[in-house]
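Residues per chain, in single letters:
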Amino acid sequence: MTDTVRSMTSPPNAWARARRIARVLLEDKLVLVSFVFVSIVVLAAVLAPYVAPASPSKVVLIDRLIPPVWGDGGRWSNVLGTDSLGRDILSRLIFGARNSLLIGFSVVLIAGTFGTMLGLIAGYKGGFADTFIMRLADAQLAFPGLLLVILIISVLGPSIPIIIAVIAVYGWMIFARLVRGNVLQLREELYVRAAEMAGCGPLRLMRRHLLPNLASPLMTQSMLELARVILVEASLSYLGLGIQPPNSSWGLMVAENQTYLRDGWWTVFFPGIILVLTVMALNLISSWLRVRSDPQQVDLIAARRRSSDKSRSGREGIEE
Amino acid sequence: MIRFIVRRLFSGLLVMLLVTVTVFFVTRKLTDPVRVMLPLSATQEDYDRLEASLGLDKPLLQQFRTFLGDVVQLDFGVSFWQGTDALELVLDRLPATFLLVAASMFLAIVVFIPLGIAASLRPGGWLDRVLVSISLFGLSMPQFWLGAMLIWVFSVRLGWLPTSGSGSTKHIILPAVTLASTSGGRIAQITRSSMIDQLNRPYVNTLRAKGMRPSWVLFRHVLRNAAVPITTLTAYEAAFALAGYAVIVETVFAWPGMGRLAIQAVNQRDIILLQAVVFVAASLIVATNILADILYKVIDPRVRLA
Amino acid sequence: MNAVTGTESSGGSSAADGDFMLSVRNLQVEFYNERGTVHAVQDVSWDVRSGATLGVVGESGSGKSVTAAAVMDLVPITGAVVGGQILWHGVQMSSAELAKLRGSRITMVFQDPMSALNPLVSVGPQITEVLRKHRGMSRNAAKRRALELFDLVGIPEPARRFRQYPFEFSGGMAQRAVIAMALAAEPELLITDEPTTALDVTIQAQILDLLSTLQAELGIAIVLITHDLGVVAGVADHLVVMYAGRVVERGLARSIFANPSHPYTRGLLESTPHPREVRDRLVPIPGNPPVVTTILPGCAFADRCTSVTDRCRTLRPKLEPVEGSAVGEMREVACWHAA
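If you're matching them up, the sequences are chains A, B and C in order. Residue numbering for the first sequence follows the working numbering, beginning at 3 and increasing consecutively. Residue numbering for the second sequence follows the working numbering, beginning at 97 and increasing consecutively. Residue numbering for the third sequence follows the working numbering, beginning at 3 and increasing consecutively.
Don't read these hints as lab results, they were simulated from the structure. You may find that some hints are simply not true.
Per label pair, the in silico range of CB-to-CB distance [said to hold, decoys possible]: (1) B:Thr162 <-> A:Val62: 34 to 44 Å; (2) B:Ser264 <-> A:Thr115: 22 to 32 Å; (3) A:Thr115 <-> B:Leu156: 24 to 34 Å; (4) B:Phe121 <-> A:Phe116: 37 to 47 Å; (5) B:Leu223 <-> C:Asp230: 41 to 51 Å; (6) B:Phe121 <-> A:Thr115: 16 to 26 Å; (7) B:Ser264 <-> A:Gln187: 46 to 56 Å; (8) A:Gly201 <-> C:Glu272: 48 to 58 Å; (9) A:Tyr262 <-> B:Pro310: 52 to 62 Å; (10) C:Ala207 <-> B:Arg316: 34 to 44 Å.
Each residue gets a CB set at the ideal place from its N, CA and C atoms; glycine is no exception.
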């Protein structure tokens, strides 16, 4: 009952919720591990020149296809081995992370901002703007996305700005949809209506009331999108339409070395496994965030656990 | 119902028009296609000749009219690389892509839907957690890497299956499994969440209050209701795979489908052929979307009769 | 002896247990969530007599629906029955035995007919499946019987309606169909949980009328659960008033309406609009019903009661016969200041 009164006069406290999330984060170890993993990858990418043990592009043909340190003939200076051109795999992984994450973050930033703006307009203004934006999103979804991306990049050339732009063009729709849905719901909330009636202008309303509430779903979606974009960039690089040699990208590493699978499985295995783990970690974190920010779900999970404990301890439902 | 189909066809045509405009814009305005297609050693004469033969020396608006006219007549020009009709080349490869997508959808459905259903019956239980992990893994895996790893294990090390190409049933196994991993992961997720959503609905409680057996409740009622989002998602997955997302798998396994053709076109700088692939793919997506919408209408009586 | 509160309960009424069709004795049900335990039902006892209607009245959160769910062995997975007994014709039932009664001897009608029915299946089959399962009928016999039931509950054009989907029915008609569904197995007891709350006022009266008629014709017992005293007024023979998971007053309905004993019952009567009596103003009960997460000593109604004293907060009153009432009225109330 006090909850309804509170929600009528002020928006929910985002900071209190964030603190609760942080506290509970420590309880779910798998998510914690994912968090740590992603942080390590990001840090390594940012500090690449200082962290990488060797140069990622220096070709040393005499050192071709050295196995990882635990293999036959491996050595510590190339912990994860070398590729077909003698380049250190770990260093290429780190610099690859740098490139992939650069593209990933840029795309999510651009598509997210653009999509959020459009979603806000569509949800708030409604009417023609809403129909137009949503129809546009639907139409774009009907395009053969990957093929068009391939077409555009092959025509314009695979430079990093082009790649970012093209992938971003295909990323705004999901943000717009998400924001629009949330805005439509939020508009009906009592405190938003109250603010509107008090004369709060639309921009101010968006900034102070709508956006803080959008922060949580936006963050969750951004993480999912980041995971998706990393995969897209890797696929493009694999096809030769992404990051170009001698730069490194996880997808490119797989493409360059797949003919050497027989002689050097590590050249293909490590870039792929890092990709998988990063994407998985991002997915885990975002679905955990989503479950946690829905109090109903939280209760449901706790309730199931406790009542099944009760029935397992042998209590008969109806007793003497 | 007829009106609905007509309306969807109309919006499908609109989408095709948008695709046409986009492709035109990209291939004519954003870049100089002639320079892209010609090798570096080409002379100014070669340039002029190619430009004229493609009709690129005319003013832009006229070009568009010709372009549009060609598209409507399904004339996509002559492939720069192969020298034969572009559309024919694409349609030649289409059956191979169809086969691959059909096989992978079959796998995905047969394996992941039952698993999703079983997992939803005990949310939080061990099967549920295993399924969620497997589908997460499948979703997170880049198809090119999964393909490469599968080749390494089953072809190189074990020698059970061929590494690439097509021709026998053995050839389709690895590509189909690879393609099925991502769709399967998503199908499993939606099956599970759709089932859980239905199982929490009031009518299920009523059914229990009526004393109906759990298996009856599941098969006669819940599955029917849960099927709606599952079938639409599966249709969309098939559509997208057909429309080009099979590119990666076809490339890894050198499967002679539409996707691989597109990559070959890119490598050969054949923009004309690439255009043709894009158009065919777009029409496939539009067609499958319309079919999926109709299917949705048929399944859900509320939508049908309203 | 109730281990939780340390009080004795009076259990059932003075008549022998075998006279009752259904008896709930000292029932306790809990629900679990992230923040702790909700004691939804703490020590509830009531009885249903053959062929009679029992009204169970209380605000949301009083535990009335949960008690009914427990009787049908339908407590959701988030909760558990942790104490008490349920007797059917005087015989104590385990949850497995209750599950067997469910749908055949005891049936239930829920609040919103639109969501109670499967939206993607025609209404007819949803009734025939009961007939085929609990009455062993063939498909044709079941269809014929279903049409008869439609007639019984007053649905016109039964053959056409049989094939239609729930969304093609109006609210009132859908509720009639649900009642038909509940009667299909020829139960002895029909439990209705807020059967009229989702319906328009005029339709409400029709449905209540239907229930009375059906009871007279078929001799079934009915439990009518509602928050609205107006609904039980003409229909219930006996009344049970629940608050915060406990019974606060019970007895012959007529008697309670004429002379309510518990302050809460009095408050409910005074805050209910009455169609025939003109009142100056409705007097609402201040405050909100509690969600019981910790069981505190004393009466749960203390915070909202106008006659509250210190004793009310420290010692919980037990159900005792009301002074000055006739034995036949079977009046009991749990209050230190019973009128």
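Right, here's what the structure says about each hint:
1. B:Thr162 <-> A:Val62: 34 to 44 Å: violated, 55 Å
2. B:Ser264 <-> A:Thr115: 22 to 32 Å: Distance hint for serine 264 of chain B, threonine 115 of chain A is violated at roughly 51 Å.
3. A:Thr115 <-> B:Leu156: 24 to 34 Å: holds, 32 Å
4. B:Phe121 <-> A:Phe116: 37 to 47 Å: For phenylalanine 116 of chain A against phenylalanine 121 of chain B, whose Cβ atoms are near 19 Å apart, the range 37 to 47 Å is violated.
5. B:Leu223 <-> C:Asp230: 41 to 51 Å: Since the Cβ atoms of leucine 223 of chain B and aspartate 230 of chain C sit about 45 Å apart, the hinted range of 41 to 51 Å holds.
6. B:Phe121 <-> A:Thr115: 16 to 26 Å: holds, 24 Å
7. B:Ser264 <-> A:Gln187: 46 to 56 Å: holds, 54 Å
8. A:Gly201 <-> C:Glu272: 48 to 58 Å: With a Cβ separation near 41 Å, glycine 201 of chain A and glutamate 272 of chain C fall outside 48 to 58 Å, so the hint is violated.
9. A:Tyr262 <-> B:Pro310: 52 to 62 Å: At roughly 55 Å between Cβ atoms, proline 310 of chain B and tyrosine 262 of chain A fall inside 52 to 62 Å, so the hint holds.
10. C:Ala207 <-> B:Arg316: 34 to 44 Å: holds, 35 Å
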